[in-house]
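Engineer: Here are the chains, one letter per residue:
Protein chains: 2
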Amino acid sequence: MENMQAVCCKVRNATYKLSLYDTKTKNDILMAIADKIEQNKENIKKINAIDIVNAKGKLSDAMIDRLTLTDSRIALMAEGVRQVADLDDPVGKVVRQWKVDSGLEIKKVRAPLGVIGVIYESRPNVTVDVASLCIKSGNGVLLKGGKEAINTNRALFEIIQEAIEELGLDKDIVGFVDNVDRQATFDMLQQAKYIDVIIPRGSDNLKKFVLTNSQIPVIASSGGNCHVYVEKTANLDMAKRIVYNAKMQRVSVCNAEEQLLVDEAIADKFLPDMLKTLLDGGCKIIGDETIQKYASDVIPATEEDYRTEREDYFLTVKVVKDYKEAIDRINANGTKHSESIVSKDEEVMRIFTTAVDAGCVYTNASTRFTDGFEFGFGAEIGISTQKLHARGPLGLEQLTSEKYVVTGHGEIRK
Amino acid sequence: MENMQAVCCKVRNATYKLSLYDTKTKNDILMAIADKIEQNKENIKKINAIDIVNAKGKLSDAMIDRLTLTDSRIALMAEGVRQVADLDDPVGKVVRQWKVDSGLEIKKVRAPLGVIGVIYESRPNVTVDVASLCIKSGNGVLLKGGKEAINTNRALFEIIQEAIEELGLDKDIVGFVDNVDRQATFDMLQQAKYIDVIIPRGSDNLKKFVLTNSQIPVIASSGGNCHVYVEKTANLDMAKRIVYNAKMQRVSVCNAEEQLLVDEAIADKFLPDMLKTLLDGGCKIIGDETIQKYASDVIPATEEDYRTEREDYFLTVKVVKDYKEAIDRINANGTKHSESIVSKDEEVMRIFTTAVDAGCVYTNASTRFTDGFEFGFGAEIGISTQKLHARGPLGLEQLTSEKYVVTGHGEIRK
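Going down the list, the sequences are from chains A and W. First residue of the first sequence? That's 6 in this note's numbering, and the numbers climb one at a time after it. First residue of the second sequence? That's 6 in this note's numbering, and the numbers climb one at a time after it.
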C-alpha cells in the first residue's frame, strides 16, 4: 500500500507539469515513443517470448495469440502512436464563453482529467495505446496490466519513460504498477487522492471487481446487448442487410446485434427469409413459439436470453406489437450501448431516438458503427455505457473535463 | 427493500414517458405546481407546524428556522418554480453534428439523465426546487428528505403529484421515499437498475455515507477550501477588496475564501494593512511565524489548518515564494472548487488558470461568484467538485447527458 502511494504520488506530481506542456511538446513525446518502440523491436520480441513461454499450457491458444508481439504488430503499435500525435489536441479548447452582468467573462475550457488509472488484461499493445492517448490529452497515466503480459508491459513502459526522459521532460507522467495481484488492484482503487479516474479494460470480472471496490470514479462499459428493431414501415431489403451485418460482420464485439425485434404486422413477410439467411450463414436462432413457426431449429428462448450478450453466432428474435413495445423492451433489457431502428416513419424514428436510453441510437444503419474510428474520433480508449461524463466511443475529447476560467477586473460579490 | 424497488420502478416507468414531453408540457406542469403551492399555503403551514413542534428541544434554533415555512418563503418557493419554467430547455439541443465517410450523419444531442435520486436534509423547499429542476430537464426524480421535515416534505410532494395528475399526465415522474431512516437511504443507493444518478445535498456526513455506499454514480460537492493568491504584480487595492469580499461577504458558504496566499515580495507591503482590516472586521487570522510578524493575535497554524474549510470568521494566511509554490499548495490542499489569483502578469495568470486543478479558476475576482445564478444558469442544484461529467455550478444543462443520434440510409459496416 505504501509503495502504491509512492508510485501514485510520483505520477500526480508530474501530471501538474504535463498540464502545462503545449501541443508540440506532447507530440514530440509521442513521436519519440514511436521511434523508440521501433528501435527496440528485437528486444521487445525477446522479452515478449518470456511471457509466451510462461503462458504455454496455462492460457488458450487464442489468448496466447493476443499476447504475442510480431514485427508487424510492433510496427502497428508505433504507427498507432504517430496517429495519436496527428489528432487535434482537445486541451485548452474554449467550449463556450460569455459575459455576465457582474462584468465577469466566463470561459468553459477543456482541461485534462488529471491522473487516469488504467487496469487492463492480456494484450500488451494496450500499454502503448493508452499511454499515448493519455499523454496527448494532458493526463498522467498509471498503468496496471495483467500478469500474463507483465514482462512485455514492463519493457514497453520502460521504453516510454526513456523516450520522455531523453527529451528532458518528466518521465513520471507515465507510471507502472509492477505487481500483478488483485490486492495491488484493490490498493490502486483506494488512491482517490492521487488518481482522478479509473478505466478498466478487459473481462467482465475485472470490470465488476473495479466497480465494486473503487473509491475513484470509474468509466466503464457494461457490454452491449444491442437490438435491431424492424418497424412495420421498414424497407425490408434494407432491414435484411442491416440485421445480417449487425449480427454477422463480427460477432465477438460489443456493438454486434444480439437481439432482433420485428413488428408483428410484417413478421410473416420478413422473418422466414431473414431467419433462413441467418441460419444459412451459420447463426443459431433463439426464439419463443411465435419465432419457432418461422424456421426449424429455433432454440426455445428463456426470459434470460433477451437480456444476454453472447458475442457469438447466436441471435435472439422476438415479434413485438408495435414501436412502443419495442422501446419498452429495449429500455428494459438493453445495456445502453447501441440500438437501431429500421423504418420509413419519421415520427416513429423521432420517438425511438428520443425515448430509447442508449449512448448511440441509430436509424436505418447497423449497430456496428459505434466505434471511435467510425465516428471520426481517430482512436478510442473504450465505449462508455454510463450516462455521466460521456457516452459512446471515448476519444481524446472524452479524456478531458471542462473547467470554468473566469476573468475579472476586480469584481466582488455584492 | 421490496417497497423501495416498487417506488423506484414506478418512477423509472414514468420517466420514459417524461422523456417524450415537449417543453410546453413540462412548463405547464411547473406552472401548475406553482399555482397549487400558493393555493395550499395555509395547509402547508399547518403541516409544517407539526414538524416544528416535533423539532423543538431536539434541533438548534438555526435548524428550526431553516425548517420553518412562512408566507413569504412559500411565495418564494412558488416563484422559484415559475423561474425554472422560464429557463431554456436543454433537452434535444444538438451540441454538435457531422457527417462521416460511411455516409452516416451523427448528432450529439442533449438527453435527460433518466431518474435522479436526491437525498437531502432539513430545508423543505429543496423538495420543490429539485423536483422542478428535474422535471424541466426531463428527468424523473426520487426524493428522500430528512426526518425533521418529513411531514412538510410529504405534503409538498403530494401537491406536486396532484398538480401533474390534474393535467392528465403521469404523476409518478416524481417519487417520494416515505421512510426517513438510514437503512432506507442505503436501500435507495442499491437501486442501480432504476436510478441513474444520485445527488446528495446536506451535511458532510450525509455525503460521505452516500459516496461510501452508493452502487449508483454520485454527483457531489466536497466543499470548498478556496484560496485567494495575491501575486507580486497585483494591484494591491484591488487585492484587498477581493480578499476581504471573498472572506467576509458571507462566511458560511462553500465558495468563501478559507486560505490567503501572498507572494513574499509584497508581503511587507500588503499584509499589515490587510490583516488589520480583516481583524477589525471580526475575522480571526491563522498563520505561521512569518504571519505572526504582521499582526498580533494571530492563531498559530498547524498543517491541518491549510487543508481545513471552516465556513466561519477565520482566514488562514501563508506567504509563498512565487506562483509555482502557490499553485503547488492549491493543488495539494484545495478541494477543486474555486481558486483565484490577483495579478497583472498575463503569463502568470495563464499558467495559474491552466495548472490549478479546480472547477472554477478566477483572475482578479472574488471566489464568491461560483454560483448558478451568478454564472447565468438561472438556478442550480449544487456545485460539483468532481471532474467527471460536470464541474462548478450544476444548472439544467448539467442535469442532462449527451447521446449520439445517428441517421443512416441503410449503411452497413464493411
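Some clues are possibly wrong.
As the list claims (entries may be wrong) - DSS-like, lysine-lysine: derived pairs with alpha carbons at most 30 Å apart: (1) A:K104 - A:K15; (2) A:K281 - A:K63; (3) W:K46 - A:K212; (4) A:K212 - W:K198; (5) W:K46 - W:K176; (6) W:K176 - A:K419; (7) W:K213 - A:K104; (8) W:K51 - A:K98; (9) W:K237 - W:K51; (10) W:K50 - A:K329.
Unchecked claim - A few chain W residues facing chain A, derived, Cβ under 7 Å: (11) Y21; (12) L25; (13) T28; (14) L92; (15) M253; (16) V256; (17) N369; (18) G377; (19) F378; (20) A384; (21) K408; (22) V410.
Source of the hints: derived by calculation from the structure; they are not laboratory data. Please read all numbers here as calculations on a predicted model, not as lab measurements. By construction, the Cβ of each residue, glycine as well, lies at the ideal position given by its N, Cα and C atoms.
Engineer: Take the hints in turn and mark each one as holding or not.
Structural biologist: Structure-based check of each hint:
{"no.": "1", "hint": "A:K104 - A:K15", "verdict": "39 Å, violated"}
{"no.": "2", "hint": "A:K281 - A:K63", "verdict": "40 Å, violated"}
{"no.": "3", "hint": "W:K46 - A:K212", "verdict": "51 Å, violated"}
{"no.": "4", "hint": "A:K212 - W:K198", "verdict": "17 Å, holds"}
{"no.": "5", "hint": "W:K46 - W:K176", "verdict": "21 Å, holds"}
{"no.": "6", "hint": "W:K176 - A:K419", "verdict": "41 Å, violated"}
{"no.": "7", "hint": "W:K213 - A:K104", "verdict": "36 Å, violated"}
{"no.": "8", "hint": "W:K51 - A:K98", "verdict": "54 Å, violated"}
{"no.": "9", "hint": "W:K237 - W:K51", "verdict": "59 Å, violated"}
{"no.": "10", "hint": "W:K50 - A:K329", "verdict": "43 Å, violated"}
{"no.": "11", "hint": "Y21", "verdict": "6 Å, holds"}
{"no.": "12", "hint": "L25", "verdict": "6 Å, holds"}
{"no.": "13", "hint": "T28", "verdict": "13 Å, violated"}
{"no.": "14", "hint": "L92", "verdict": "15 Å, violated"}
{"no.": "15", "hint": "M253", "verdict": "10 Å, violated"}
{"no.": "16", "hint": "V256", "verdict": "12 Å, violated"}
{"no.": "17", "hint": "N369", "verdict": "4 Å, holds"}
{"no.": "18", "hint": "G377", "verdict": "11 Å, violated"}
{"no.": "19", "hint": "F378", "verdict": "9 Å, violated"}
{"no.": "20", "hint": "A384", "verdict": "15 Å, violated"}
{"no.": "21", "hint": "K408", "verdict": "6 Å, holds"}
{"no.": "22", "hint": "V410", "verdict": "5 Å, holds"}
Checked against the numbered hints listed earlier, the structure breaks hints 1, 2, 3, 6, 7, 8, 9, 10, 13, 14, 15, 16, 18, 19, 20; every other hint is satisfied.
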